[in-house]
Amino acid sequence: MTFPDMLQIDYLLTACRNGALTPTDIVREVLARVHAYASVDAAVWINLVPAERLLARAAELEKRPVADLPLYGVPFAVKDNIDVAGLPTTAACPAFAYDATESAEVVRRLEAAGAIVIGKTNLDQFATGLVGMRSPYGQPHCVFSAKHVSGGSSSGSAVAVAAGLVSFALGTDTAGSGRVPAAFNNIVGLKPSRGVLSTTGLVPACESLDCISVFAASAADAWRVEQLAIAPDAHAPYSRAMVPRRLAADTFRFGVLRQKDRFFDGCIANAALYDRAIRQLVELGGTAVELDFAPLKETAELLYSGPFVVERLTAIADFYHAHRADMDPTVGAIMDGATRYSTTDVFKGIYRQHLLKQVADRMWADFDVMLLPTAPRLVSREEVIAQPVAANSMLGTYTNFVNLLDMAACAVPAGFGPDGLPFGVTFIGPAFSDHDLAALAGRFHAAAHNTSGVFRNAVLPLVDNAPVPAPGNVLLAVVGAHLKGFPLHWQLEKEHAILRATTRTAPDYRLFALPDASPPKPGLVREKGFVGPGLEVEVYELDAAGFGRFVAGLPQPMAIGKISLADGSEVCGFLCSEAVARSGKEITASGGWRYAKL
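In the UniProt record's numbering, the protein residues as written are 1 to 598.
The hints are simulated quantities; they were obtained by calculation from the structure and are not laboratory data. All figures in this text were calculated on a predicted structure; none of them were measured in a lab. Check the hints yourself; a few may be wrong.
[Said to hold, decoys possible] Distance windows between CB atoms, simulated:
#1 ALA325 / ALA85: 27 to 37 angstroms
#2 GLY417 / ASP336: 30 to 40 angstroms
#3 GLY266 / LYS297: 15 to 25 angstroms
#4 ARG258 / HIS354: 32 to 42 angstroms
#5 TYR351 / GLU102: 43 to 53 angstroms
#6 ALA333 / ARG240: 26 to 36 angstroms
Note that the Cβ used here is the ideal one computed from N, Cα and C, for glycine as well.
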């Protein structure tokens, strides 16, 4: 069986369910890719799980039913400041390294779901940096240019996903380490709300702010991983339960930078790409609202000039005092700077942080989410070597404040400049908005670009919104001319239908453009054993009377039946005679009617 460029979770799971793949096949493919990519970039990994151990893990999984394990055979990477039993944890500092006897709680939960750890990835030492250049194990580079940085501190994790070596990777995010590398390598970086993923087994950077984050090809894959990893942990001091906060699904307001606050460090192309991202989000139903960036900027400055740089030193204080000479020079200098602050300075900074959080919390009355650039621009390795601190500080312009203000964030690709280098934007929401934030970011990613990583042909699954109708109401999935913005959508509006979700079908559906249809329409056909991308659908809720009137007005060959969604649930939806559908042009690879080129 041919593997896709990006090892997306749904594809692997469906292939395993259908008997087309086994975990052993997946492991062998991943090992081949890792070996081949080492000739492109040898600095992605610090330690790999031995091949024989990986194959034994695969064989163990093959004794279990696929349906029992939501990540059955899915390969992933782990940033090397997170413990994996049987491998060293280095935090990119050989003098600090120790052999982990137990896996971090998040790793343990993902392995219990069937995922396979491939190895430990490179990082900026002690997760201190946004550049990916502060490691004695080499410096991973951007997947699009060996002259440019990968971003950090979760450098190896981002590259491993973007190069198609694994399905997802764990990073960490204190100041943007789970978002900046995502932007620089054209993938998704989901930074959960603080405390919803356990930090037990994580080498702390700033323990009160640290989040384990997820890199993936799509927001759907990233959310799936976060959802499986969520659990309160009595052993993690900042752990807390997830209490989901819902965002508007159909029409919504999003905060954007005022012109005077837009800083791209001279990169005109990125300024234009940010403008384009705003327009694209408006096309998805959003209303742009200008925000005051000043309190966010002031908050960001607290991270490296006050209490939180002292917290960084606190995390490794004993090691620092005994092994200062063994540290990366730039990281060591940052820790040196922490010694200048007094206890009074620390508390003044904390008080200021809390006041600024009150200001930021009031912003959510004006909009539902923020849409910001992930970073002003991608920098070259030479720039970082020449100005290691200044370059790093610039990269944190739009990320450093997020954890300080208790927000969730999802970074997604947003296009390429004329130089072929990627640009990304980040959706930022209040704490516990993780699911809806990922869903909106995923809609934007799929509608605007349909690309991920170094490859330009990845079809992106959408985040399942798990719609539940009111008693007596009906859920209806539409796939073509009834989509919002298309010619027959008025028929749904007439019946006061409410959009409940944008998601995808199960992977075993094909889509065809019906010949001579007016207006143009697709036909949806299910084929047992077929493994496709899943087709984008919008799920609407109608009352029973409205649903009856809607169905009564459908002409041939349109019909309503049950269709399966990506999460395994069934809803009413449009079906078509296979003979009629196959007389038209197949457009399955487009991922949906909205993206088809007829």
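Results for each hint:
{"no.": "1", "hint": "ALA325 / ALA85: 27 to 37 angstroms", "in the structure": "holds, 31 angstroms"}
{"no.": "2", "hint": "GLY417 / ASP336: 30 to 40 angstroms", "in the structure": "holds, 37 angstroms"}
{"no.": "3", "hint": "GLY266 / LYS297: 15 to 25 angstroms", "in the structure": "holds, 19 angstroms"}
{"no.": "4", "hint": "ARG258 / HIS354: 32 to 42 angstroms", "in the structure": "violated, 25 angstroms"}
{"no.": "5", "hint": "TYR351 / GLU102: 43 to 53 angstroms", "in the structure": "violated, 38 angstroms"}
{"no.": "6", "hint": "ALA333 / ARG240: 26 to 36 angstroms", "in the structure": "holds, 34 angstroms"}
When held up to the earlier numbered hints, the structure conflicts with 4 and 5 and fits the remainder.
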